[in-house]
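Trainee: Each chain, letter by letter, is given below.
There are 2 protein chains.
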Amino acid sequence: MNEKDYLKLIGQNITKVRKRKNLTLVQLGDICNIEKSNLIPIEKGRTNVTATTLLKIANALEVDVQDFFKF
Amino acid sequence: MNEKDYLKLIGQNITKVRKRKNLTLVQLGDICNIEKSNLIPIEKGRTNVTATTLLKIANALEVDVQDFFKF
DNA sequence: TAACAGGGTATGTTTTATCATACCATTAGA
DNA sequence: TCTAATGGTATGATAAAACATACCCTGTTA
Chain A
0 MNEKDYLKLI GQNITKVRKR KNLTLVQLGD ICNIEKSNLI PIEKGRTNVT ATTLLKIANA
60 LEVDVQDFFK F
Chain B
0 MNEKDYLKLI GQNITKVRKR KNLTLVQLGD ICNIEKSNLI PIEKGRTNVT ATTLLKIANA
60 LEVDVQDFFK F
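Those sequence lines, one after another, are chains A and B.
For the first sequence, numbering that gives the first Met the number 0 begins at 0 and goes up steadily by one.
For the second sequence, numbering that gives the first Met the number 0 begins at 0 and goes up steadily by one.
Heads up, a few of these hints could be off.
[Unchecked claim] Computed cross-link-like contacts, DSS-like style, restricted to lysine-lysine with a CA-CA straight-line distance of at most 25 angstroms: (1) A:35 with A:55; (2) B:7 with B:55; (3) A:7 with B:55; (4) B:55 with A:55; (5) B:55 with A:20; (6) B:55 with B:20; (7) B:43 with A:55; (8) A:69 with B:55; (9) B:3 with A:55.
In short, the hints are calculated from the structure, not lab data.
Owing to the predicted nature of the structure, the values given are computational and were not obtained by experimental measurement.
With the hints as extra help, turn the sequences into a complete structure.
Mentor: Printed below as a string of structure tokens:
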């Protein structure tokens with residue numbers, strides 16, 4: 000898998016979980032202290048997200064980081 | 000889990016898989032095009048590794064990225 | 001027709017991951 | 001003993017993530 004698609008899938012997984020939890024980008028951002036303007040590139044797969052940012056988001060969404068890597 | 004321990008565990012998982020495959024840091028680095036001097040901080044959990052770097056390492060080690068997040 | 005909420009974009013700044021190279025210590029083999 | 005391999009450290013440069021703020025568009029609703 001190429002890096003572009005891989006980042007896109009991670010982002011899509013985050014979006015899926017966020018919507019499943021009925022959270023807006025602002026709400027998620029409030030919980031994990033990340034601005035929505037920074038969450039959007041992550042969900043769109045436009046940024047090469049770091050491990051700790053994934054941890055913050057996973058904690059906020061109450062899932063395992065691994066869940067973002069299940070394709 | 001705090002970020003420090005989390006990064007350390009990711010690194011330890013990478014080290015475990017690398018040793019299981021009987022690869023040195025240089026050999027792993029050759030496969031995924033990452034200098035051993037840059038792999039060491041990752042394995043030690045001293046750097047906040049990015050998603051694509053984890054993908055490169057996972058590909059080189061022939062495992063899923065998820066495997067690095069199993070604690 | 002406001003006003004607001006939601007998703008999304010743009011951008012300048014700061015921080016830091018990655019790259020690349022050089023170097024050190026220890027250990028095993030010739 | 002010398003050499004090479006291995007793990008590890010240090011560092012300067014470059015690319016880019018994260019931060020923070022401001023702004024735009026669309027749909028909804030008072």
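Trainee: Would you mind marking each hint as holding or not holding in the structure?
Mentor: Against the structure, the hints come out as follows:
1. In summary, the hint linking residue 35 of chain A to residue 55 of chain A is supported, as the alpha carbons are separated by about 14 angstroms, within the 25 angstroms threshold.
2. Distance check on the hinted pair: residue 7 of chain B and residue 55 of chain B sit about 18 angstroms apart at the alpha-carbon level, within 25 angstroms; holds.
3. Note on residue 7 of chain A and residue 55 of chain B: the hinted pairing holds, with a Cα-Cα distance of about 16 angstroms set against a maximum of 25 angstroms.
4. Distance restraint check for residue 55 of chain B and residue 55 of chain A: the Cα-Cα separation of roughly 23 angstroms lies within the 25 angstroms cut-off, and the hinted pair is therefore satisfied.
5. Taking the CA atoms of residue 55 of chain B and residue 20 of chain A, the gap is about 31 angstroms. The hint is violated against a cut of 25 angstroms.
6. Between the alpha carbons of residue 55 of chain B and residue 20 of chain B the distance comes to roughly 16 angstroms, so the proposed pair stays at or under 25 angstroms and holds.
7. With a C-alpha separation of about 20 angstroms, the suggested pairing of residue 43 of chain B with residue 55 of chain A holds against the 25 angstroms cut-off.
8. Proximity of residue 69 of chain A to residue 55 of chain B is assessed by CA-CA distance (about 17 angstroms); at most 25 angstroms being required, the pair is judged to hold.
9. With a C-alpha separation of about 13 angstroms, the suggested pair residue 3 of chain B and residue 55 of chain A falls inside the 25 angstroms cut-off, and the hint holds.
Going down the numbered hints, you'll see the structure goes against just number 5.
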